[in-house]
Every structure is written in C-alpha cells, then in structure tokens.
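Novice: Going by my numbering, the first residue of the sequence shown is number 346, and it counts up by one from there.
By construction, these hints were calculated from the structure, which means they are not laboratory data.
A few of these clues could be false.
Taking lysine-lysine pairs in the BS3-like style, the calculated list, with each CA pair at most 25 angstroms apart, reads [said to hold, decoys possible]:
hint, residue 1, residue 2
1, 520, 501
2, 502, 520
3, 599, 501
4, 620, 599
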Amino acid sequence: MTDHTLSEAEYDAVTDAAAHWCMRLHANDCTEQERQAFEQWRDAHPLHAFEYEAMLEIWDVADDLPRPEPVVPLVRPQPEKAWRRLGIAAAVCALALPLAGYGGWHLGWVPNAYQHFEATDNVRTVTLNDGSQVELNLGSELTYSNFKDQRQVTLKKGEAFFSVSHDTRHPFVVKAAEGRIRVTGTQFNVWMYEDQVKVSLIEGSVLVSSNDDLPGDGLRLDPAMQASYRHGDFIPRISQTYDNDSSLAWRQGKLVLDNLALNDALPLINRYLDKPLMVADNSTGSIHIGG
346 MTDHTLSEAE YDAVTDAAAH WCMRLHANDC TEQERQAFEQ WRDAHPLHAF
396 EYEAMLEIWD VADDLPRPEP VVPLVRPQPE KAWRRLGIAA AVCALALPLA
446 GYGGWHLGWV PNAYQHFEAT DNVRTVTLND GSQVELNLGS ELTYSNFKDQ
496 RQVTLKKGEA FFSVSHDTRH PFVVKAAEGR IRVTGTQFNV WMYEDQVKVS
546 LIEGSVLVSS NDDLPGDGLR LDPAMQASYR HGDFIPRISQ TYDNDSSLAW
596 RQGKLVLDNL ALNDALPLIN RYLDKPLMVA DNSTGSIHIG G
C-alpha cells in the first residue's frame, strides 16, 4: 500500500513513527497515555495502520534472533544530544543491517524469505517460497520464514492443510500455540482455536511436540493418526482416525459434527463466530449433537 499524495520524506516519517510505536508498545514501561496517543496516530490515516502492521510482522521475525545481554550505561547522556545520538545510531544501523543480514542467514538467525498469508471469507490456496502448497480455511492466518537450516511456519489462527515439498536437509516446522510439528515432506492438517491444537496426518510422518521449550523432537504420527494438545500438556494425546473422520470436511466447505458432545463441538463452531457460544453448565455441555 502506498499513498502517492505523500512525498518520500513524509512516507519515511510515517515508517519511522511506526517503528517507534512498535518499540514503545512492546516496552515494559509503556504508559496508558502512550497507548492512547498511539491509537490516535494509527487511526489518523490508513497508511499509519498499514505501516504499523508491517512493523509487527518484522518484529515477529526478529523474535528468532538471539538477544544480546543488556548493557547498563555508566554515564547518563544529556537530553539535548538525544536526537544527534539517534541520527548516529540510525546511520550505523543502516550500514550494519546488510552485513548482519548476510551473517545472520549463514548462522541460521535470519530468514532469506518471509511471507504472510490470510484467508478471510473464503478458503484460500497459497504456494510458499519452497514450493509447498497450503490451503487456508476461512478466518486463518500464517507466516512463512525460510531459514538456512529449516523452513518455519507460524499458524497464528485458524486451520491449514499442508502439502510439504520434500527436503530432508531443511525440515519443515509448523508452530501452533505452544507446540510444534516437524516434517520433511508430507500432507497433514493443523487446526487451532485459542490454546487448543489438533494435528491430523494424511501422508508421510510428522513429529508433534506440545511445548516447543521441551527437549526432544516429540511424538511420531503415522497416517490415519491424530495428535491434540492444549496449554499445559506435557505430551500430546494420540488417537486413531477412521474412514468417516470429518476433520477435513472444511476443504469441501462443510462443518460436520458427528455425535459430538456440545463441549467438544463448540470450539469447532466458535472459530467461525465473532461472538463465541458458551454452555450454561456441565450437563448441557455433555449433550451430544450431530449434523
């Protein structure tokens, strides 16, 4: 998105402001007054909101970079020199970024390709930079980053069916909620609602971990198996899928509820609703529905 009524300097100023607000809103000492000021700035022009969203995507990728130890300054700098220091820092960063990007790629810190996809009102099929195909269910969002040692997808919300191009040297990793799914080439489906995740394997094999911080590669799934986990699970729950399994019905535009307890059906339904439904009590939640 560009605004041709703005000069290059004005556009750069918007980008700089977006970077500033991105840093302030992620800071521990960000005040309520600052948040209100940010909202006023963001809502003042569509370009402001667009540039801020772009900064957020860059921030997400930067989460994969190693963090240096903080250095405590020995002398408090004089306030009147703040803008001069900022200008010098910006110049240094401009010179250092190309070298950092080149070195970061070879060290496995920085991706050489980044993609962002969303499906709003319709199912959408996209092709990732590595040639893998992904079908996104409506209301779904993911990002793709290609690192030197792995291909990484982050499922931010919704559901996606993956047909992964085979590459044993560069594993394909999907991060969903707190867990991850690791493959080299296969077909599988990932459904996510809040902190709940279900992985259904169609072809090949995958390794599923319920917590990305835990050691080990996770539990292995073979075709016709499903793994599920949610916040706090130490290991995923493994189950068998059958010929009448309806977990992929969304690819044909259907939502199938086959003799499910209302407590189990609501997460499947609520993913499509702006305002989620809730059960009144446990007895209501145990009622089985289908359709």
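Novice: The structure should be examined with respect to each hint, and the outcome stated for every one.
Specialist: To see whether the hints hold, each was checked on the structure:
Straight-line distance between C-alpha atoms of residue 520 and residue 501 comes to about 9 angstroms, which keeps the hinted pair within the 25 angstroms bound. Taken as a hint, the residue 502 and residue 520 pair is honoured in the structure, with Cα atoms around 11 angstroms apart against an allowance of 25 angstroms. Taking the CA atoms of residue 599 and residue 501, the gap is near 22 angstroms; set against the 25 angstroms cutoff, the hint holds. Pair hint residue 620 plus residue 599 holds up; C-alpha atoms about 20 angstroms apart against a cutoff of 25 angstroms.
Of the numbered hints listed earlier, not one is contradicted by the structure.
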